[in-house]
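Peer 1: First residue of the sequence shown? That's 1 in the numbering used here, and the numbers climb one at a time after it.
A couple of the hints might just be wrong.
Calculated lysine to any residue pairs in the SDA-like style (CA-CA distance at most 20 Å, straight line) [as the list claims (entries may be wrong)]:
1) Lys425 with Arg398
2) Lys305 with Ser319
3) Lys486 with Ser470
4) Lys391 with Asn410
5) Lys409 with Thr163
6) Lys36 with Asp51
7) Lys246 with Lys273
I should point out that these hints are in silico values taken from the structure, not numbers from a laboratory.
All values reported here derive from a predicted model rather than from experimental measurement.
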Amino acid sequence: MLAFLYPLKIRKLSFITLFILLAPAPLFAQNLFLEKIDICNAANFCMDCGDPKATCDQFTLDYICDQINRKYILKDAFGSISFQVLVEPSGFSCVLSHTDVTNGPLTAELIRYLNGNIWRAAKINGKTVSASVNVIFRFANGRISAQMQRMDLSELKPPGDPTIYNKTVAYTNPSLNSYEFTTWTKYNSPLPDNISKTCIVDKTDVLWYTTIKGLTRFDGQNFNPINEFNSPFTAETAVMDINVDKDNNKWVYVDNKMYKYSDAGWQIFDFKKFVTPGAIRILNNRHGDLLFTTEAGLVVLRQDKVVVLNKKTIPLLPSNNVNYVYEDSRKRLWIGTSKGCIMLDHNVPTTYNTSNTPLKNTYISNATEDESGNLYFSLTACNATPGDDDKEGIAVLRPNGTWLHYTDKNSGLPSNHVNDMLYDKYEHVLWIATEQSGLVRFNLKDGWENYHNNNTPMPGYTINKLAQDSKGVLYAATANGLLRIKKRR
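Start from the sequences, fold in the hints, and give me the full structure.
Peer 2: The following block contains the structure:
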């Protein structure tokens, strides 16, 4: 049998940028993926519905993969292609859409195989119906494998309306049209899942994106999964946190273990040798030293030397349960614990629980600084309860020592609970990720803008983490997919 290399397109499966959000899907008659095939009788069908659902035996999928592995040389292939297959009541099948924008010969052959098989149709109330199902083909370790990919239909429904507690500000969003919004989900891309808590951009502008069902890298064009073929993790490993140090080593916290990824490969960092509890967050200071927050104190890793800061070494520390730490441009260390904040200025501590500042009875959950030396802290109430707490919001410490406190009662913040902040040095604005209200753009004076799923192509209103590359491109980890925001040229 003639074997040939699927040139370039198999060497590197690529997925083009979507310039609009995949619209929230009704449950009937919709092509799911970007590349559509208009040869099917698709007037009416439901997606992954029925009991039982439409399916294809794993034996059949394995047979298809075996034929492809025999015919193609796949040693340089990586990534995945997803297919949406319409299964008619008779059991005949027809591919509706897929994710491979190259539309190469291997993809065409997979479509022929999928269209040529007899499937078991879905049933509703005992009657066979037309239904679409998804099949994913993965390329790794020189081979192709396949499996059914069941859908969570709730993820295709609109996430609902954002909650805007601020009723006094009319958000005209004058800058909105200057941005290009792109959204990826696990249904229109190789993302392993839609729910993400964190992400980072490394020093080569590669986005490392965590989800609750796997970690992936994104170079701006291609998604490259982290799985059992290139890491100690499986394709569905839930990553708790990730960060990058000054040498571009990646630090990944998985299953109560700390991993370091460098040019030498993957190594385990013996974190529990220093403190028993696992890490809460992986952070770093301005010099790239690693800072691990834990329930037993702060672990500082500097040039392979480890220092533990806790109530034993700093008696004024409000609690050993450290949630966040930030080093400002004056080399002051701000530490947020579950029972309040402390600041170390050349090892001289200042506590804030009895102070007349916005930090009283709160702890800092994120921080950033602008070129003028203004410090911005997002606040979480020490005894936080569900709802909109006016003790939260954003505290601002000016270089002259005065404080401001922005809330949804006295500013343009749409709500008080902030998940992350990022100071954009390219546009000189503050980006604010909120739990319930989407993304906020603040021009540091009086210009507050609020972007969410009701006024932009954003996938939802819960924004968990922000990251930015060296060109100013902004990425957001959300509860509904990956969001990219680029300045229009």
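Peer 1: Now tell me, hint by hint, if it's right for this structure.
Peer 2: Going down the list of hints, with the structure as the test:
1. For the hint linking Lys425 to Arg398, the alpha-carbon distance of about 18 Å falls within 20 Å, and the restraint holds.
2. The hinted pair formed by Lys305 and Ser319 fails the criterion: a straight-line CA distance of about 24 Å is larger than 20 Å.
3. Distance check on the hinted pair: Lys486 and Ser470 sit about 12 Å apart at the alpha-carbon level, within 20 Å; holds.
4. Between Lys391 and Asn410, the direct Cα distance comes to roughly 12 Å. Compliance with the 20 Å bound is thereby established for this hinted pair.
5. Straight-line distance between C-alpha atoms of Lys409 and Thr163 comes to about 14 Å, which keeps the hinted pair within the 20 Å bound.
6. As the CA atoms of Lys36 and Asp51 are separated by approximately 27 Å, the hinted pair breaks the 20 Å bound.
7. Our distance criterion of 20 Å between C-alpha atoms is broken by Lys246 and Lys273, whose separation comes to about 23 Å.
In the structure shown, a violation is registered for the earlier hints numbered 2, 6 and 7, in ascending order.
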